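**Q** Below, each chain spelled out in residue letters.
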Amino acid sequence: MENKNEVLLEVKNLCQYFKINKAVDDVSFAVKKGEVFGLVGESGCGKTTTGRSIIRLYDITSGDVYFKGTRIAAGTKSYKDAIAKAKADIKQLKASGASAAEIDEKNKFIADQKAAMAAAIHDHKHCPKDLVTKIQMIFQDPIASLDPRMTVRDIIAEGLIINGMKDKKEIDEKVFKMLEMVGLVKEHASRYPHEFSGGQKQRIGVARAIIMEPEIIIADEPVSALDVSIQAQVINLLNDLRRELGLTILFIAHDLSVVKYFSDRIGVMYFGKMVELADADELFKNPLHPYTKSLLSAIPLPDPQYEKQRKRIKYDPLESHDYSEEGPTLREITPGHFVYCNTAEFEKYKSELK
Amino acid sequence: MEKKLEVKNLRISFKTANGKVQAVRNINFELYKGETLAIVGESGSGKSVTSKSMLGILAGNAIIESGEIIYDGRDLLKITEDEFYRIRGDKIAMIFQDPMSSLNPIMRIGKQLTEAMILKGKARQKASRIAFNDTLKLLSETMIKAIAEGGYTSVSGEKLAKTKSADELTKICKDFDAFEFKHIELEQAYNEAKESAVEALSAIVDVLFHIEKNAFADPKEKIREIVNLASKTYNEYVVKEDAAELKALLSKLTKKLSADIKSNNYTATAEALTSIKAILEAALAKEVPNFFRMGYYLKFSGKALPEMPVAELNEFLLNYLNEHFMLEFLTYAETALKYSALVYAEKKKAALAEAAKAIAVFSADGSLDKKTVEAAANALIEAVEASIDRLEINKDSIAYTFHTSLNYAIENYFNAIPRNAAAQKAHDKQQAKYDALCAKGKKPDWKVIPAALINLDDAKQDIVNVVDRLIAHYEHLLAVAANRDFAKETVALVDFLKLNASETVYKVTKSMAKHKAIKLMEEVGIQEARKRFKQYPFEFSGGMRQRIVIAVALAANPDILICDEPTTALDVTIQAQILELINKIKEERQLSIIFITHDLGVVANMADRIAVMYAGKIVEYGTAEEVFYSPAHPYTWALLSSMPDLDTNERLEAIPGTPPNMIYPPVGDAFADRNKYALEIDFEMQPPMFKITETHHAATWLLHENAPKVDPPKIVTDRIERMKNRGGEE
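In the order they appear, the protein sequences are chains A and B.
Residues in the first sequence are numbered from 1 upward in steps of one, following the working numbering.
Residues in the second sequence are numbered from 355 upward in steps of one, following the working numbering.
Accuracy of the hints is not assured; some may be wrong.
As the list claims (entries may be wrong) - Listed below are the simulated BS3-like cross-link pairs for lysine-lysine, each with C-alpha atoms no more than 25 Å apart in a straight line:
1) B:K1078 <-> A:K308
2) B:K610 <-> A:K314
3) B:K938 <-> A:K311
4) B:K387 <-> B:K374
5) A:K314 <-> B:K873
6) B:K567 <-> B:K586
7) B:K794 <-> A:K19
8) A:K314 <-> B:K576
9) B:K445 <-> A:K314
10) A:K308 <-> B:K387
11) A:K77 <-> A:K106
12) B:K567 <-> A:K308
13) B:K888 <-> A:K19
14) A:K273 <-> B:K567
15) A:K285 <-> B:K1078
16) B:K940 <-> A:K308
17) B:K885 <-> A:K314
18) A:K293 <-> B:K445
19) A:K77 <-> A:K273
20) B:K885 <-> A:K22
21) A:K311 <-> B:K940
22) A:K314 <-> B:K749
23) A:K311 <-> B:K749
24) B:K888 <-> B:K465
25) A:K311 <-> B:K474
26) B:K518 <-> B:K567
27) B:K567 <-> A:K22
28) B:K938 <-> A:K293
29) A:K314 <-> B:K567
30) B:K749 <-> B:K445
31) B:K567 <-> A:K348
Hints were generated in silico from the structure; no laboratory data involved.
Owing to the predicted nature of the structure, the values given are computational and were not obtained by experimental measurement.
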């Protein structure tokens, strides 16, 4: 953690469409080295899709993902759209009899876009493999994500073997070290997943992720399938590992108490859009976007008296916003605090903070 | 408060290849009407097993070793599958953790939602009619007997001046029957109109809002619905004076809409809707007459209603009803109740005498003789059955379930003798095989399963306990008999009759069911409910499926709702929405809820009382405030400290290790191994329930007077401190 502000992972204008369904729509954020970036939102808002798009489990529709300054994934839709629009413009210009210079300019623009698109496709195809192994994922369901017919050793070592490691002794050593690190013992290596409790299974999932010595881990709801007492074990484990290994974590969850406890910065997503992004404390202290307010007001706390008084704020995009004149964009209200809003709302939020 | 459900000494084991797993070990609790009881604990603590046993859906290898679950005068552990059909889903509904296991994959969602409503609606109509007729018949018979034997006093205490013949008394009851159904007819017509008006109004408000925001989607559908609803609102006491105007507005509405759709400007529609809205609002603000009184007047006076304002009319009808019928009816009903109470008090005394005799037989030394025991039991059961006062509305659960409990206990005892012999034999055989292998120098890779023997003395004691409980209960009843408030009980009886009558008439039609289902779907947060009504379960996401399951459970309008981790898979906003919905329905219908979860935040929101379970036992129970603000059991501390809340910064205190293996449950406190506050005695003896306050109990030796003083972990005390401060601010 030499440089706190070094950006490790950057997502720019990420779009992921499934046919007409815009699962993720124009999302941008950056994860700095050594921090935990939390991603929250209701189910179906695209937070898991974002995580999966980053590690190239899906081919992204449009936008770029940069990891350590290298583009590891890129989509082409934005270029295609731009080209199509330019071509239409040319037709119009020709019809209205515009000068050749104007049309040339457009043609040049198209050529530029085509070159950029070719570069994007090239980057996407030739993404350096050793770089991508530095991004690892922990999955939500520890039972479903472990092959029941592989021993724990095989599960943990699979990544190493795929990456060409052949020395059995070295692999075993590494596996044992990882097991120890996640709080299991050597003897567990020869067992099968069904012999473990839920918490232990999730530990195996963590061991499998960290054996590749990743720099960033994408943890997709790693604790929501676990029992309370076990949740604490896994959260503590991730916290310890983060300190020991200097890991950066993209933490995806819907349990806001856990996200608040664990994350440095939090992004709130709603229907494929990032609606608010801020430091964890700042977000919980000064939520600005009405959806964030609604989300925060829904968190149940283990306090009966507070719960009896708690009023949930409802969020209805129609009621809360008037985007008939100007559409919203993500704007910075105070340093580090971004909100998805238009100019009128921008002014309103600014005055709210004062 | 009225007890809805009682669980007593429940013990459940599961037979597995490795031996008996003791899933639930002797738990007791009650559920009161209109309260939420939360059961909290880790997975494997037996919370789901407990709730499943209430519905008779335990897995095939489950053995119910002892205990009773009493609901509505029946023991749910001993009734037949046929009887369960009437209870499951209808009276006791359950929301399961896994939505896919309770939805039919090849049936449309809409059908699954309405199916139960329609079927149960029919069954309920029938059952209510039977209950109404039986109770009224019993009442009239008791009245006749009471008057015939004479000497019973009226409401105010004076002797009945004028007595009536049996025929006259029968007629009184018949009259009640007749005009009660007239009343319901009137009231139902009114309710239908009123509900339509309320719904039409909310639909109009919604449409106006969308028009204003320029986001009016599928207009034709919505307007058709409004027209439909609004045209059902014509009734004497809803839309009456403005009926013609409303009709005119509605007939033009669709035309206006089609013109508006073409021009994409909805001002004309909005104007029309606003005037409809005004009419409906005025209609809903009207005063409502008392239909019960009106029913009597219309049925028996032979005259039309007098023209007067509603308040005056109510007064007039009340006087008429009291003068001609109601006071008399109440007097005779009360007389009947008093008479019945006296008669059955005598019979209860007889049953007590019989019970004393039976106890002597059951508690004889040595093994019992089957014939004598059965004879004594039959005599006692007969006496007890005869002593049940069936005019009482609150069923006396102990007396009602007495014969099943006693027979069950006796059967258990006599079955245990051959069963023990067989188990011992099987065990010996296995042991011999094991020893033989060992003698050959081989180490078998299997273990000898210890024989599952039933303790005969315990079984005998169980029989005596059943009778003892009856004796204590009857003695208590006889002692408090003098304090009974018969006037109140009479009113309750009449209310019971009214309720059953209204349920008899309430018919669920297909369109009603569909309408209700769509409304429920919207309530649980499913958008475009109308479209999704026709879809199959696989077309829904996990969270959506869970909402459907919740809607299905609520559609049956149950008495008791068991929620087994209903919102664990949902995100916070939807979770909050659904919890609010459950709470709302609970308030409206006085629903009793058993809420199983491990999320303490959710518990704090929902629970009136909390039971914390660990390893098949309840280790602490109390009101929500008590358990959260002054937890006493180390396991509760551990649960509270293992999850972060919004202000937690320190390291969480995870509970080390895993729950114990319940094939060999620990001798002492089951939590001792994972408990850093464990005392030596925790490993040797199970702690009893210590009483902290009237409602707060915990089973931990730390509460013993000789125990060292131990404070809860800092993270817990800090949090309680914070909560108290927060409470002070607000």
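**Q** Now, for every hint given, state plainly whether the structure supports it.
**A** Structure-based check of all given hints:
A C-alpha spacing of about 14 Å is found between K1078 (chain B) and K308 (chain A), which places the hinted pair at or below 25 Å, so the restraint holds. Among the hinted pairs, K610 (chain B) with K314 (chain A) is inconsistent with the structure: their alpha-carbon atoms are about 33 Å apart, more than 25 Å. In summary, the hint linking K938 (chain B) to K311 (chain A) is supported, as the alpha carbons are separated by about 14 Å, within the 25 Å threshold. Restraint check for K387 (chain B) and K374 (chain B): not satisfied, since their Cα atoms lie roughly 35 Å apart, outside the 25 Å limit.
Distance check on the hinted pair: K314 (chain A) and K873 (chain B) sit about 19 Å apart at the alpha-carbon level, within 25 Å; holds. This hinted pair does not check out: K567 (chain B) and K586 (chain B) have alpha carbons roughly 29 Å apart, beyond 25 Å. Between the alpha carbons of K794 (chain B) and K19 (chain A) the distance comes to roughly 70 Å, so the proposed pair goes past 25 Å and is violated. Proposed proximity of K314 (chain A) and K576 (chain B) is supported: the alpha carbons are some 23 Å apart, at most 25 Å.
At most 25 Å may separate the alpha-carbon atoms for a hinted pair to count; K445 (chain B) and K314 (chain A) exceed this at roughly 33 Å. Between K308 (chain A) and K387 (chain B) the alpha-carbon distance is near 20 Å, which keeps this suggested pair within the 25 Å criterion. Under the criterion of a C-alpha separation no larger than 25 Å, the hint pairing K77 (chain A) with K106 (chain A) is consistent with the structure, at around 19 Å. Taken as a hint, the K567 (chain B) and K308 (chain A) pair is broken in the structure, with Cα atoms around 34 Å apart against an allowance of 25 Å.
Note on K888 (chain B) and K19 (chain A): the hinted pairing holds, with a Cα-Cα distance of about 23 Å set against a maximum of 25 Å. Using a Cα cut-off of 25 Å, the hinted pair K273 (chain A) and K567 (chain B) holds, with the two alpha carbons roughly 22 Å apart. The hinted pair formed by K285 (chain A) and K1078 (chain B) meets the criterion: a straight-line CA distance of about 20 Å does not exceed 25 Å. In summary, the hint linking K940 (chain B) to K308 (chain A) is supported, as the alpha carbons are separated by about 15 Å, within the 25 Å threshold.
Annotation: proposed proximity of K885 (chain B) to K314 (chain A) holds, straight-line Cα distance about 24 Å (limit 25 Å). Only pairs whose Cα atoms come within 25 Å are accepted, and K293 (chain A) paired with K445 (chain B) is rejected, the gap being roughly 39 Å. At most 25 Å may separate the alpha-carbon atoms for a hinted pair to count; K77 (chain A) and K273 (chain A) meet this at roughly 17 Å. In summary, the hint linking K885 (chain B) to K22 (chain A) is supported, as the alpha carbons are separated by about 20 Å, within the 25 Å threshold.
Using a Cα cut-off of 25 Å, the hinted pair K311 (chain A) and K940 (chain B) holds, with the two alpha carbons roughly 18 Å apart. This hinted pair does not check out: K314 (chain A) and K749 (chain B) have alpha carbons roughly 44 Å apart, beyond 25 Å. Straight-line distance between C-alpha atoms of K311 (chain A) and K749 (chain B) comes to about 40 Å, which puts the hinted pair past the 25 Å bound. Between K888 (chain B) and K465 (chain B) the CA atoms are separated by roughly 8 Å; this keeps the pair inside 25 Å, and the hint holds.
This hinted pair does not check out: K311 (chain A) and K474 (chain B) have alpha carbons roughly 36 Å apart, beyond 25 Å. With a C-alpha separation of about 70 Å, the suggested pairing of K518 (chain B) with K567 (chain B) is violated against the 25 Å cut-off. Distance check on the hinted pair: K567 (chain B) and K22 (chain A) sit about 23 Å apart at the alpha-carbon level, within 25 Å; holds. About 23 Å separates the Cα atoms of K938 (chain B) and K293 (chain A), which keeps this hinted pair within 25 Å; it holds.
Annotation: proposed proximity of K314 (chain A) to K567 (chain B) holds, straight-line Cα distance about 17 Å (limit 25 Å). For the hint linking K749 (chain B) to K445 (chain B), the alpha-carbon distance of about 16 Å falls within 25 Å, and the restraint holds. Distance restraint check for K567 (chain B) and K348 (chain A): the Cα-Cα separation of roughly 20 Å lies within the 25 Å cut-off, and the hinted pair is therefore satisfied.
Of the numbered hints listed earlier, those contradicted by the structure are 2, 4, 6, 7, 9, 12, 18, 22, 23, 25, 26.
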